[in-house]
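Q: So you can see what is in the structure, the chains are spelled out below.
Protein chains: 2
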Amino acid sequence: MSNPTAAMVVIGDEILSGRTQDKNMHHLAGELTAKGISLREARVVSDDHDAIVATVRDLSATYAHVFTSGGIGPTHDDITADAIAAAFGVSIDVRDDARALLKAHYESSGKELNAARLRMARIPDGATLIENPVSTAPGFTLHNVHVMAGVPSVFRAMVASVLPTLTGGAPLLSESLQVQRPESELAGPLGQAADAYPDLSFGSYPFIRDGVFGANLVVRGTDASRLAEAVAHLRTAFPDAA
Amino acid sequence: MSNPTAAMVVIGDEILSGRTQDKNMHHLAGELTAKGISLREARVVSDDHDAIVATVRDLSATYAHVFTSGGIGPTHDDITADAIAAAFGVSIDVRDDARALLKAHYESSGKELNAARLRMARIPDGATLIENPVSTAPGFTLHNVHVMAGVPSVFRAMVASVLPTLTGGAPLLSESLQVQRPESELAGPLGQAADAYPDLSFGSYPFIRDGVFGANLVVRGTDASRLAEAVAHLRTAFPDAA
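Chains as they are written, first to last, in this note's numbering: chain A, 5 to 246; chain B, 5 to 246.
Just so you know, the hints here were simulated from the structure itself, not pulled from any lab data. Each hint should be verified, as a subset may be incorrect.
[Stated by the list, open to error] Chain A is nowhere near these chain B residues, computed Cβ spacing over 10 Å in every case: (1) S6; (2) A46; (3) R121; (4) L167; (5) E233.
[To be verified] Anything over 10 Å on all C-beta distances counts as not near chain B; from chain A, calculated: (6) L43; (7) R99; (8) L181.
[Said to hold, decoys possible] Below, computed lysine to aspartate or glutamate pairings styled on EDC-like, alpha-carbon distance capped at 16 Å: (9) K107/B - E189/A; (10) K115/B - E189/A; (11) K39/A - E189/A.
Here the structure is a predicted model, which means the values were calculated and not measured. C-beta atoms are modelled at their ideal positions from N, C-alpha and C, and glycine is treated no differently.
Model the full structure from these sequences, guided by the hints.
A: What follows is the structure, encoded as structure tokens:
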């Protein structure tokens, strides 16, 4: 596949402690797949400067795009923007355009642009702002790293702001069949199908529902007619598939 | 903190494509926190041999424990066991004890131990089996890597099998307060509290609910009385907290 590649970094102790369940990864994964950008890896790291710096450096050197969520708010534990600046060796300070956005927003609601709020205008040198139609404080793109908020509604809005600016590839299409039999009875014919269509990817995702073992068989590829052919092949092999 | 450290590896294209939302990370995170093992990082990687090998090598050298989920079933895309063997440079084959478990299980339900099922008895040399009370096919521990299934009910059962065999630390305790005000109004006093209790960790997790901005303030530490003191401090700073 020649689609652009991507990785995600979820930043937050609250995910690693089990306090909160991340929802942003699943959202981004679906959006990238539809856009034809191939999400190859995702990492959850703690609110730790060195961990964020090392992870962002590693992933931005490996993949075409890196998307981060979390840690760009006004509190002492919001350290993502500084870590991104450090990862690329650029300086960071309150930037006029970001300050102007926040000033207008808080003035319109009769609030003061206090020190905490001004912290959200700290933007690494050379970054482009990502619009935040939900709560104004912007995200930013620096080189190939897109830095977004952790609050799911804000994250989604920022993803919607940034994705149209990126070049995608052929959308990855998928078709699935469900078979109410254990995987171990499907493995042989499924492996043969995978060998017969080496240009497609075949996955088997088992489940247990009400004590019944079954599997979702998923075929992925970018060519709709090849996909239809492979699905017909699977339906012949598994006439009981739903 | 001197608690043992851990990382998790979620293996599966279905998560990265956005088809499925991972639930195992959240479960493991909660269990490890209760056990006093500190989950420092989690990674989602694709069903790719080299990616799994590199990730497992990296994490097993860095953390006291690594937990993996996914890719140990009977189908062609279940490649985790071979990748773990490769990561540690050991050989892998069908092992008698694992084969005996599967044989007894399938015989009791009048089924044959076919080639696909036998694949689930492939265990790297030197590994210890992890019991699977849900569907028999075992997980395994090799060095500090605990390899478990991706199906959530099986993953949970395997976590319950393996965690009692590990040495934990002081459970990480947490207390939280909810304030129905934007983070930017809380940041000052919260930062002062974090400075006043450097032995504890203070997090602020913003939310937007029905258009109202608020934040959950979470204090974490291993000493219950210090935690209570810090919470009292926050309640004084935020008398409107719930």
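Q: The structure should be examined with respect to each hint, and the outcome stated for every one.
A: Hints versus structure:
1. S6: 16 Å, holds
2. A46: The assertion about A46/B is violated, with a minimum of 4 Å to chain A.
3. R121: The assertion about R121/B is violated, with a minimum of 4 Å to chain A.
4. L167: 13 Å, holds
5. E233: Holds, because the least Cβ-Cβ distance between E233/B and chain A comes to about 19 Å, which exceeds 10 Å.
6. L43: 5 Å, violated
7. R99: At roughly 17 Å from the nearest Cβ of chain B, R99/A sits farther out than 10 Å, so the non-interface label holds.
8. L181: 13 Å, holds
9. K107/B - E189/A: 15 Å, holds
10. K115/B - E189/A: 10 Å, holds
11. K39/A - E189/A: 35 Å, violated
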